[in-house]
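**Q** In case it helps, our numbering puts the sequence shown at residues 1 to 286.
One thing to keep in mind: the hints can contain errors.
As the list claims (entries may be wrong) - Label-pair distances were calculated between CB atoms; the ranges are:
| no. | residue 1 | residue 2 | range |
| --- | --- | --- | --- |
| 1 | Pro-283 | Arg-244 | 50 to 58 Å |
| 2 | Pro-118 | Arg-247 | 35 to 43 Å |
| 3 | His-270 | Ser-188 | 29 to 37 Å |
| 4 | Asp-191 | Trp-237 | 19 to 27 Å |
| 5 | Lys-66 | Ser-231 | 32 to 40 Å |
| 6 | Arg-153 | Asp-190 | 34 to 42 Å |
| 7 | Ser-42 | Pro-254 | 35 to 43 Å |
| 8 | Glu-64 | Glu-145 | 29 to 37 Å |
| 9 | Ala-236 | Glu-63 | 45 to 53 Å |
Just so you know, the hints here were simulated from the structure itself, not pulled from any lab data.
Every value quoted in this text rests on a predicted model; they were computed, and no experiment measured them.
We treat Cβ as the ideally placed atom computed from N, Cα and C, and that holds for glycine.
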Amino acid sequence: MTTMADIAPESVLLAGAGRAILLQIAHPSIGYGVARHSDFASRPMDRLNGTLTYIYALTSGTEEDKRAVRRAVNRAHRPVRNVPGASAPNPPDSAPVTAPPAAEPAASLDPAYDARDPHLQLWVAATLYDTAITVFELVHGPLDEASADHVYREYALLGTALQMPEELWPADRAAFRRYFERTVQELSVDDTVRGVAVALLRAEKGPLPLRVGMPIARFVTVALLPEPVRSAFGYAWSGRRERRFRRLLRVAGPLYRALPERLRRAPQRHYLARLHAASAAAPAPA
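My request is simple: use the sequences and hints to build the entire structure.
**A** What follows is the structure, given as structure tokens:
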């Protein structure tokens with residue numbers, strides 16, 4: 001039976017990173033939290049680095065790794081909140097690896113948000129699960145029913161490791177699909193959130209390999225988005241582009257599957273090694 005520990009380390013899932021982030025920020029409470037407390041323009045990798053460290057630690061790390069990422073994420077989330085009519089507090093000066101640097105305080109008309117809100121954590125976990133399964137099955141083919149059900153239940157961990165109660169995770173895959181499709185229809189994108197997406201997909205101050213790869217990353221991100229979200233961000237799509245995407249899958253899929261497992265899982269080892277180094281250098285928690 002295929003498990004979450006089989007799927008999560010596959011580096012091909014990185015192809016869906018842009019999709020997951022755009023689905024997240026299309027939720028106004030998440031989008032404004034990111035806009036006011038992140039800086040994709042100057043540090044485009046921060047959110048991705050934090051998310052990957054979190055996922056790899058929870059799925060393949062030691063118990064200490066899991067405690068470390070929970071502490072880091074909770075510290076990063078603590079200042080990310082806004083009550084309409086008041087400015088959002090700035091993040092702490094010394095942010096953990098998962099937290100981007102402070103940006104300007106939120107304006108008084110921003111929507112309410114709190115990164116510790118269980119319902120927002122549900123949506124973030126939902127985007128990570130749905131994106132992982134979408135990309136994995138495009139490359140490896142559909143999971144059998146038993147594996148699909150098992151992996152679905154396991155992915156609740158991405159929310160329950162924080163403040164999301166287990167009962168908030170939809171009961172089964174059918175319930176999840178209803179929740180996901182309903183939420184997609186309710187998402188909205190304004191100029192503030194659209195600006196976050198532009199900064200993310202330009203990555204002008206990112207490392208050279210990221211900048212070189214951004215044209216194909218943008219294409220794949222737009223291809224993978226549900227149509228309502230693609231339209232909300234203003235991305236054009238066509239039958240011709242869809243055919244290009246399918247040709248890309250036909251070429252890249254077999255090439256990826258032919259890679260040795262050790263190479264396919266290299267990012268997981270990299271991020272866990274970084275986590276271990278950071279944990280070894282950090283003072284013991286109080």
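**Q** Now tell me, hint by hint, if it's right for this structure.
**A** Right, here's what the structure says about each hint:
1. For the pair Pro-283 and Arg-244, the beta carbons lie near 51 Å from each other, so the given range of 50 to 58 Å is met.
2. A beta carbon spacing of about 41 Å between Pro-118 and Arg-247 agrees with the range 35 to 43 Å that was offered as a hint.
3. Remark: the range hint 29 to 37 Å for His-270 to Ser-188 is upheld by a beta-carbon distance near 36 Å.
4. The hint said 19 to 27 Å for the Cβ distance between Asp-191 and Trp-237, and at roughly 21 Å that hint holds.
5. In this structure the hint that Lys-66 and Ser-231 lie 32 to 40 Å apart at CB holds, the actual value being about 38 Å.
6. Taking 34 to 42 Å as the suggested C-beta distance range, the pair Arg-153 and Asp-190 conforms, at roughly 35 Å.
7. Checked against the given bound of 35 to 43 Å, the beta carbons of Ser-42 and Pro-254, roughly 38 Å apart, stay inside it.
8. A C-beta distance of roughly 35 Å is found between Glu-64 and Glu-145, which places it inside the suggested range of 29 to 37 Å.
9. Between Ala-236 and Glu-63 the Cβ separation comes to about 47 Å, which falls inside the hinted range of 45 to 53 Å.
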